[in-house]
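Asks: These protein sequences, in sequence, are chains F and Y. My numbering numbers the first residue of the first sequence as 1 and each following residue consecutively. My numbering numbers the first residue of the second sequence as 1 and each following residue consecutively.
Don't take each hint at face value.
Where chain F lies over chain Y, by a calculated footprint (3+ residues, C-beta under 8 Å) [to be verified]:
| id | segment |
| --- | --- |
| 1 | 236 to 246 |
| 2 | 274 to 287 |
| 3 | 302 to 312 |
| 4 | 339 to 347 |
| 5 | 351 to 364 |
| 6 | 385 to 398 |
The hints are simulated quantities; they were obtained by calculation from the structure and are not laboratory data. Glycine residues also receive a C-beta, built at the ideal position from the N, C-alpha and C atoms.
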Amino acid sequence: MSKPILRLYVLVLVLFSTLVVATSWSTVFGASGLRDNPLNQRSLLQELQIRRGLILAADGRTVLARSVRGPGHTFERSYPTPAIFSHEVGYSNARLGQRVGLERSRNAALTGDTNELGSIFDQLSGKEREGQNVVTTLDPVAQKVAIDQLGNRKGSVVALDPRTGAVRVMASFPGFDPNNLPSGKEQAALGSPLLNRATQAHYPPGSTFKVVTAAAALDTRRFTPSSVLSGKSPITVSGVPLANDNNDQFGPIDLTTALTKSVNTVWAQVAVRLGRSTMAKYMQRFGFYKTPQLDYPKTQLAVSRVFSFRGRPLGPDSKQTDIGRVGIGQGGLGVTPLQMAMVASAVANGGRLMRPHLTDRIVDRDGRTVQRIGSHLQATVMSAGAARSLGKMMQQVVKDPEGTGTAAQIGGTAVAGKTGTAQVGTLGSNLTQPWFIAFAPADNPKVAIAVTVERSQGGFGGTVAAPIAKRVLEALLPRG
Amino acid sequence: MRARNRELVALVPAALLVTAGFAAVFIQRQAALTNVSLTYGAIFLGLCLATHIVLRFALPHADPYLFPLVALLASFGVVMIYRLDPALALKQAKFFVIGLILFVGTIFAFRDYRRLEQYRYTIAAVGLLILLLPRVPGIGAQTNGAYLGVKVPVLGAFQPAELSKVAIVVFLASYLRDTRQVLVLGARRILGVTIPPLKHFGPLLVIWGASMLALVLIKDLGSSIMFFGGFLAVLYVATNRVSFVLIGLVAFALGAYFIGGHIAHVTSRVDAWQHPFQPALYNRTGGSYQIAQSLFAQADGGLFGRGFGEAILNLPQGQSLLPAPQTDLIYAVITDELGLFGACAVLLVYLLIVERGLRIALLARDSFSTLLAVGLSAVFALQVFVIVGGVTKVIPLTGVTLPFISYGGSSVVANFILLALLLLVSDRARRPHAGSRAGAA
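Could you put the whole structure together from the sequences, leaning on the hints where they help?
Replies: Here's what the structure looks like:
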């Protein structure tokens, strides 16, 4: 009877192998499918059980997001600074399965999702999985000033440290309360409060874009600050007349004067002479045409670029680009405030554009720094000499009594800036998009800033945006 | 080394496991090692040692690895249950005491286990009758649509199917020892298929009938598969005829298809098995919620598991997420916490027990002993297959316990009796001076 017993044993081996295969399927090979199954609440429950780390302002004390105990062994997220840091911090709502802002981009650190080996050690030592704290680069005082200065006007303020790329301020109004998310109806009434206007909105940059055109002009050495061009108005660009504001007439003027007084016809000529491909090259160096490398969710980062009049994005080498108008910030340009702050930042830092970042460091519960983000060069946009010359030209915009940016003057500190006032809405309407980009102190820049306000009733960059920039710069500089 | 000394050494891993396991639970709960908790481990180890000493005197030649393997499973099980619910672990420990008493009792009562043959029809009748007890009004109890339990005043719920399987194996081994040659010799070949003689096949048809009856009356597919599979294993070893097995399988499949197809409880189990993630089935009472949650729990485990005591069993408000974690789905909890590797280690221990059981069958010197060892090993292996296969969606999920690990008195008691019988056969087979060779083929 030994043969059938052996065969029986083989059969048992086969049956048990089936069990091993089935267990492998459910634990390893089919596991991701099972975890993603809509009926599976486990990842949600797991998430609720994790005590997420704190999100802190740059001072390391101001708490922007914390976890508090909920029912059972769960935690809930609480945001002590709702209307001020709503967009940067975002929110994490496990029940809705939604996560935005830093809560999303830094989710791994906040949930303590470290490598496999580390978690095995944690398990062996019986340690509860704990999130790490994220210390941001955000300045709580200046951020508050920016929100207050916007008042009840929709708009955005972005301030960067040009030397490191650290985002010091990223204000967007209106904000929202992440503790109590607005319903769809409320959102419509409030004017898209969930939209981070600093990174998601496409605005025409107006004359602030002349800084990009000037950078290309100087760095290619095709022009110098004293190159003289005709300032007569109107001129024909791409077969259509282009005029200065109020159709002001200028004689032959140099580029410094043309920037100080924001002469459209001169800068349109410069852009046309440089040509599409040169302009596109410099735009790309500044960061246009690609998603910003900010540590922020990709879905909340818009690409600054040129759009066709039908609203279709155009490539950098598109023949449809009306480069003369693009050169003065029109022609279908749609940019984010973050992008314009990056433009100011590159000029401020001697032509070296640093990669923007919101996180300064990641710290574990015991206060040890786990990761420091540090500064990284994103692109060398122009030579240091070209940047210096351009900076001097931008100083004139603020310093010269006839300049457009005099409202940004700060006693004792030289400010370099550029105003912009884009016409928005239908032809003949008085709606504008005022802009101001700047950096200060001009000789040793510590802050680069971009300010814009949505749909102003006839306001100008110099009158609406420059004063906001001045206040925020003042808040950042003495301690910067 | 002598067999019993090997057994003593082999008990060390179980001792270490139970100590480490309890310590792990305490550290995880961040409670100090209290007197009460330490006594758990101490009592458990004391019981193992006492049993070992009994075996040393009563069955000096019996297989030295079976008891340590079972002790390993039992200690692992009690730690697992302790992690789930300390109160249940205390009750489970009591069941172990009862189980070990019956284990020792069986060894002394049936030192010459071949006496069992004299009572084979009585044993078969009792086995079948107690199987039907859950349907008796007043004492029967229904769980999840199946009639598996009997309410016993002191012990609580008792599942007679567990004991029934041992009884039926004893009957089969005894009956087939007598008739196996007649079955083979009297067989005729019709159309190339070997058909056994009906006269001697009759009692075996009763077994088939019993399996079907189990399906109709207690509505439990799992027990049905276990019984019939054990029967086929013994029949095959006794006759060495694959055709008998095939006929049996066809008969079972047809019966299950026609009878089972008309029992709502069985069909819903099969539906749930085929479409566990269909929302309608998932939300239905007695639907696929259990198997779906079982698979979700295992998916959480991965290769190494979430760690002991880390599986999510309840919702934040306290309702249970994973149903029956201490009985039917304990394998899912093991997989969740110890991962694929831990689960495979448990399966390996079961496989080793089956291997030892079949080795005993090979060594046995008479047909009854061989068939008894084969039958007991086969039902044991099938029980593991039915429940683990159910939990991992190889077959429809049915309410069978994972031997020695799942919480449940009847399971512990019945499996200790099964172990006692295997050790009795083993002791006789390995005895140096061959006793009577009566009944040898």
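Asks: Hints the structure violates: just list their numbers, smallest first.
Replies: none
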